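Participant: Chains as they are written, first to last, in my numbering: chain A, 1 to 159; chain B, 1 to 159; chain C, 1 to 159; chain D, 1 to 159; chain E, 1 to 159; chain F, 1 to 159.
Hints in this document: simulated from the structure, not taken from any laboratory.
Values in this document were obtained by computation on a predicted structure and should not be read as measured data.
A few of these clues could be false.
Which copy? The list can't say, so a pair holds if one copy fits it or any two copies do.
What the hints assert, rightly or not - Capping the alpha-carbon separation at 27 Å, the derived lysine-lysine pairs in DSSO-like fashion look like this: (1) 36 x 88; (2) 20 x 34; (3) 36 x 91; (4) 34 x 91; (5) 20 x 88.
6 protein chains.
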Amino acid sequence: MELTHLDGEGQAFMVDVGGKEMTERVAVAAALVKMKPETLELILAGNIKKGDVFASARIAGIMAAKRTPDLIPLCHPIPLTSAAVEVKPQKPDAVEIIVTVKCRYTTGVEMEALTAASVAALTIYDMCKAVDRGMEITCLRLLSKSGGRSGEYHRTETE
Amino acid sequence: MELTHLDGEGQAFMVDVGGKEMTERVAVAAALVKMKPETLELILAGNIKKGDVFASARIAGIMAAKRTPDLIPLCHPIPLTSAAVEVKPQKPDAVEIIVTVKCRYTTGVEMEALTAASVAALTIYDMCKAVDRGMEITCLRLLSKSGGRSGEYHRTETE
Amino acid sequence: MELTHLDGEGQAFMVDVGGKEMTERVAVAAALVKMKPETLELILAGNIKKGDVFASARIAGIMAAKRTPDLIPLCHPIPLTSAAVEVKPQKPDAVEIIVTVKCRYTTGVEMEALTAASVAALTIYDMCKAVDRGMEITCLRLLSKSGGRSGEYHRTETE
Amino acid sequence: MELTHLDGEGQAFMVDVGGKEMTERVAVAAALVKMKPETLELILAGNIKKGDVFASARIAGIMAAKRTPDLIPLCHPIPLTSAAVEVKPQKPDAVEIIVTVKCRYTTGVEMEALTAASVAALTIYDMCKAVDRGMEITCLRLLSKSGGRSGEYHRTETE
Amino acid sequence: MELTHLDGEGQAFMVDVGGKEMTERVAVAAALVKMKPETLELILAGNIKKGDVFASARIAGIMAAKRTPDLIPLCHPIPLTSAAVEVKPQKPDAVEIIVTVKCRYTTGVEMEALTAASVAALTIYDMCKAVDRGMEITCLRLLSKSGGRSGEYHRTETE
Amino acid sequence: MELTHLDGEGQAFMVDVGGKEMTERVAVAAALVKMKPETLELILAGNIKKGDVFASARIAGIMAAKRTPDLIPLCHPIPLTSAAVEVKPQKPDAVEIIVTVKCRYTTGVEMEALTAASVAALTIYDMCKAVDRGMEITCLRLLSKSGGRSGEYHRTETE
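Using the sequences plus the hints, can you model the full thing?
Facilitator: Okay, structure coming up:
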């Protein structure tokens, strides 16, 4: 077993995905923003009025999915076919973010989904930090992926 | 108490920092990448040889600090004066990332530090995902900030 | 009278703003998206539910203000201190966009305001084009500017 | 009839274009920059010497076509196969911009053509604003598109 | 013989690659950073400890390959399938950079390889400039290309 | 003597420029594009008609100066006050590029000038590569810098 991004001498490079099969690929990632209950109440009250905190997080997440190869050094540029960011209050003290990204390509979109979830979470932090600096982003992880040679992956409870 | 990024009608906007004082500001953020013990061993073995996993994460984090206003919708463009990303193994099964960002400006660099920590962590995920898809990024949080009207902030254990 | 971006031989360059005074500068720009009345009704119906068309346009406009020097070749990078995008239905058949951008710098932010208004308008076009390909973006113009050597500017009716 | 970028709850997402057919697609967009007659004369005089105002607008437009998914939140990244920006004086008081963008992909390039036309027009504004702040960008619209399920579109006079 | 990026009137445009065949394409480019012998010694001493100068150059080069269409006005966006940057000391007074980029597409990746080599070299300059401002980047050139209608290219000594 | 971008353990970081004096800084860099004489003749013939090869190189160089912190990992974001790119034929077989960049800041703009010169040269390569694949970019170097603690630098012949 070896780290695929390191060549024989341990130097980073972008692995060759040219010979891999072009298949439909889906990745789902999630994150949790933990906050004070009163912060969630403020967001939800604002949300009822105009929805901009959650809308901003969704838009930021979708745009970040597209910026992934600009951010993560060894990610390939991938023509994404769809991206969706769900932002859901988890009462009493958290917001859950679930991102689904798809492509039809020779490599998967796990990093796109994770990057989108991360930036959506950071956007919530940014918009609420004046009232709650202690928020924490946690559980940023891959829920599932399909397509590609390595087959399906579904995160299990024990992980 | 209200969310400062929402105007009277709940619409997002970039808050005016023009009237705030230009002071030296520092923000420190951290994150943890949880992984299998054998993944950490692989990184460290590679790291001993050439150091590229940790070096890549550091570079990606520093570059991401500079991209923050491109990613987080309501962040101001800020002329950063320094950025440093520490990547430290936490045996047996985690890597810790600590980012320190500084500027001399009218608004702080918390989002820059958090974004850098997040992208450094995602870079580690990307470079190791072929051997450990179940890695999880957690505890992404602000450790401290100083400078600015709202004074010093130091995260306490109980948060 | 001469075009300030062209040197003696007519070659483009980024004019030197180093010697100019650092003052508070404000620019206000606007645009109109003309559409079918039924398109506006659809947006408003969606808007009443969740507000995402207008929210997306606002976020896209604010982010575009920050990207202006990446897009307009001879624009200076400017540390913006605020940006706000208002998106207002103009019944029966238009949406009006008004952008206000501020900085404290040696050059103004007209281009940032105009670029933001343009991208906010294009975002509305994008989100509605499946139902109304004939929409037209019009009246993209500077409403006012203040600060700087050339003094105040307020667009008059006759222009 | 519904807005395709909004899901059942009115939340923005990037629509899935993975199942659509890969076909040759062309989009043509246009814009008009209205200005004082003496401004056009100045441009043309400069243009005769070196051509940099129009050349800058063409280059900025082409580069903007490639940046479209970075600017318009729900646009897909598309591998463009060509982009051309025509900049033509419309005597006595306007400059016309016509942009043609092509790709072979599962979704069209209308937004790329419109974004390019918009940025080319803004570049002309930027380079001439010192002599004519009252310029106005108008008639930014899609002239035609072909390829794709929705068939050909040609803008008609009455729109 | 004519310059393919200029149309009949000498105006720049992005040439149409839509009708070209999709083939495996490889480009190899190289550059040399000339420096004082003591600068190379310092790098190598640092490199033995942690390798960050060469690692930073490799990462910067790979990321730059992906940014090529953002930098070179008439380059097409290309879905790269791999990128590798080799950084090798050339004792006593130079560092050699060799970049290999691949894609499966209708146009080649020469510019990606050259841009990556250039940015890797500039990164070395940046990290060492405090001790050796007189460094010079030289011999930035295409070593070979394959794939595509124009056939193989291998640089010869006499060029 | 030590490399200022490496900390005690040889890890890359963005050096702190917060305590340095804000002064007027100028950097001048240059590069040479060597080509076949007939390639230069083709450019000049095109140039006489419309000037787009040189105009494109100038615009690309200016835009690249602004993108420098996105490309060079440890460069600070700097509010440039001016940038100018001169492109001059060096008969019979070369094009010379000279870039001047200025800022009023706590750190210098050498990397901005060098990056601009490099991208302007690559743009010429790109636009002419169909007729002359053997072109070579050479002599990319800093000609002079002023401002800042380390004083004036003027490249001498012997370097």
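Participant: If a hint holds in the structure, say so; if it doesn't, say that too.
Facilitator: Taking the hints in turn, this is what the structure says about them:
1. Taking CA atoms no more than 27 Å apart as the test, residue 36 paired with residue 88 passes inside one copy only; the shortest distance there is 16 Å, against 30 Å between copies.
2. Neither within a single protomer nor between protomers do residue 20 and residue 34 lie at most 27 Å apart by alpha-carbon distance, with minima of 39 Å and 29 Å respectively.
3. Taking the shortest alpha-carbon separations for residue 36 and residue 91, only the intra-copy value of 10 Å comes in at or below 27 Å, while the best inter-copy value is 31 Å.
4. For a Cα distance limit of 27 Å, the shortest separation of residue 34 from residue 91 qualifies both inside one copy, at 10 Å, and across copies, at 26 Å.
5. Proximity of residue 20 to residue 88 under the C-alpha cut-off of 27 Å is found in neither arrangement, the shortest distances being 36 Å within a copy and 30 Å between copies.
Checked against the numbered hints listed earlier, the structure breaks hints 2, 5; every other hint is satisfied.
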